[in-house]
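Protein chains: 2
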Amino acid sequence: MRIILDAMGSDNHPQPEIQAAVQAAKEFRCEILLVGDENQLADKLAQANPQNAAVRIVHAPEVFEMTTKLSGSMLRKVQNSMGVCMDLLKSGEGDVVVTAGNTGGAMAIGLARLGRLKGVKRPALSALFPVRGGHCVVLDLGANTDCRPEYLVQFAQMGSVYARQMLKIDRPRVGLVSNGEEAGKGNDLVKATYPLLQATGLNFIGNIEGKELFGGEADVAVADGFTGNVLLKASEAVAKFMTDILKEELMATARTKVGALLAKPAFDTLKRTLDPDEVGGVPLLGINGLVFVGHGRSDARALVNGMRWAKQAVEGDLLGALRAVMEGK
Amino acid sequence: MRIILDAMGSDNHPQPEIQAAVQAAKEFRCEILLVGDENQLADKLAQANPQNAAVRIVHAPEVFEMTTKLSGSMLRKVQNSMGVCMDLLKSGEGDVVVTAGNTGGAMAIGLARLGRLKGVKRPALSALFPVRGGHCVVLDLGANTDCRPEYLVQFAQMGSVYARQMLKIDRPRVGLVSNGEEAGKGNDLVKATYPLLQATGLNFIGNIEGKELFGGEADVAVADGFTGNVLLKASEAVAKFMTDILKEELMATARTKVGALLAKPAFDTLKRTLDPDEVGGVPLLGINGLVFVGHGRSDARALVNGMRWAKQAVEGDLLGALRAVMEGK
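These protein sequence lines are chains A and B, in that order. One point on numbering: in our numbering, the residue at position 281 of the first sequence is 332, and numbering is uninterrupted. One point on numbering: in our numbering, the residue at position 166 of the second sequence is 217, and numbering is uninterrupted.
Hints are computed from structural coordinates only; laboratory data are not their basis. Be aware that a few hints might be false.
What the hints assert, rightly or not - Among the chain B residues that face chain A by a calculated CB cut under 8 Å, a handful are: (1) GLY276; (2) ALA288; (3) VAL289; (4) ALA303; (5) ARG306; (6) VAL309.
Claimed, not checked - Simulated coverage check for chain B against chain A, where a stretch passes if three residues somewhere in it have a Cβ under 8 Å from a Cβ of chain A: (7) 246-256; (8) 264-271; (9) 296-302.
Yeah, the Cβ is synthetic: ideal placement off N, Cα and C, and Gly gets one too.
Construct the entire structure; sequences and hints are all you get.
Set out below in structure tokens:
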């Protein structure tokens, strides 16, 4: 097993990546290919790796900001760290890519370099939302803002494979995000998708709203990328809004400060429940290779968690399972 | 001023409505028309109203569950409490309707009985979301699941009038809900709506995500009814999810229980911030009459708050202001 780690992905790169690579090499007993500007990496890695854990630098000659718009041919050629990561994956020198770089960029470069899995119409971004009793795979989160019903059906299929392989859920319950749980509710897209999902043989439980999603009633929640993205961003924003108010109010008086101190274990549980870094990495589902993208603000711990998750995906043959289901769809 | 209160709207009707009517009549010094089944209301009202505050029962001969599907002609004729409320408003016997009944039903019956304001293509449902530093008017919340760009422009116009008249914001900042704050982000609908909003003369601040919405950066947030509804339900569900975890964890040990007790003022502030009953009532924007719909689970306090808000809408001539802006649009 070799994990390919983008050394230039996170907001504070490359220090978190260097630390994470060394730690993961030790902990997982596998080789880490650390991809980035060798001049920036060599000395720092030597310092951080006195025991010589199996971390190897692969030089990426270009430094490219993901804010730059890349055209089609550039996406295939660019030799920044993300591009080199994808090439290493394609040539089989590594088994999985982990990056904390720009998600849209990873999708674009990954798609250009690795292509789609056979049968897949549109790759999707998915994340694990923390919900009652566990997690829910939500997709698409923004790779496809305008969708056709058949794309949503494929998201449901890929999300179900992901839930089965990675969350070990036998027959994942699939919900269709809508503006009402009753059948017949929805916009034109949802109404057209509903009967198609019923015909798939997936464990389709019907329309779901926020209540069912966060209540843990579905293992997979399907939406077009626009809706999924709005849902994701709103959920994160509400959580932050509530946490901010609570923090401020708890610090407001001596009494509440003492209360906060005593109640700390409860707040810690809440924080851990909502922490996206506990499970690091959003898979690019539907491209012909295993790529996981973490938050830009990932620290070393988040990156190690991301690599642990990526390693599980390799061991559980997530890609093979996706290929088996999607081929010919 | 006469407020028309649907006596049969809330989940626990008619007791909360009777209490609220008596309290509002006293507090606001205006007459309340309490609309419902006289047989169910007369004795209870007499008991609840020993001082004879100005509450008058208006009999609604039919009892109709809002779950029943109503056809076009039924919507115009039905003599359940909601239908009678709308007729009283139309004939000028009252100035504003307040109901805790089904929102979709109120919209359908209101539209059938009162019609649209001149120039309005599609009426919308809006709510005040609690955000940093105040509230944001979010619309549409589900009256129009599939929208054209020009509908969203009208939502922005109506939402701006609502924010100006009711929240006393001089030039309300209007945001377009999208999957990214940058211009150019969005699905086809958002991309088509963006330049139209720029051309309105409204205080359009561009695309917004959950972060900007809950960060209080917009006074009005515009979305199609499907997206707005998903946003609303997800926000409520995340708030409930977090509150539930926190409650359970705070009750988990003796230490956290004491902490919770001491920190109570902070939790109370959070609860008050998120409480939809503080401002009771969602206006049906764009129909030719003032109608406010509250939560089905409204208690007497929520209903009184709803009537207070409705009274302000009458006094501030919300309907006249909407008419002035929308005529000829």
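Hints versus structure:
For GLY276(B), the interface hint holds, since its Cβ comes within 8 Å of a Cβ in chain A; the closest pair sits about 7 Å apart. Look at ALA288(B): its Cβ gets to within about 3 Å of chain A, closer than 8 Å, so that hint holds up. Taken as an interface hint, VAL289(B) checks out: its beta carbon lies about 4 Å from the nearest beta carbon of chain A, inside 8 Å. The interface hint given for ALA303(B) is met, as the beta carbon of that residue sits about 7 Å from the closest beta carbon of chain A, less than 8 Å.
At its closest, the beta carbon of ARG306(B) sits 5 Å from a beta carbon of chain A; the interface hint therefore holds under the 8 Å criterion. Restraint check, VAL309(B) versus chain A: the minimum CB separation of about 5 Å is within 8 Å; hint holds. Three residues within the 8 Å Cβ limit are the bar, and the segment 246-256 of chain B against chain A gives 0, so the coverage statement is violated. Judged by the Cβ-Cβ criterion of 8 Å, the segment 264-271 of chain B is covered by chain A as claimed, because 3 of its residues qualify and three suffice.
With 4 residues carrying a beta carbon less than 8 Å from a beta carbon of chain A, the segment 296-302 of chain B meets the three-residue requirement, and the given coverage holds.
Comparing the model with each earlier hint shows a violation of hint 7 alone; every other hint is respected.
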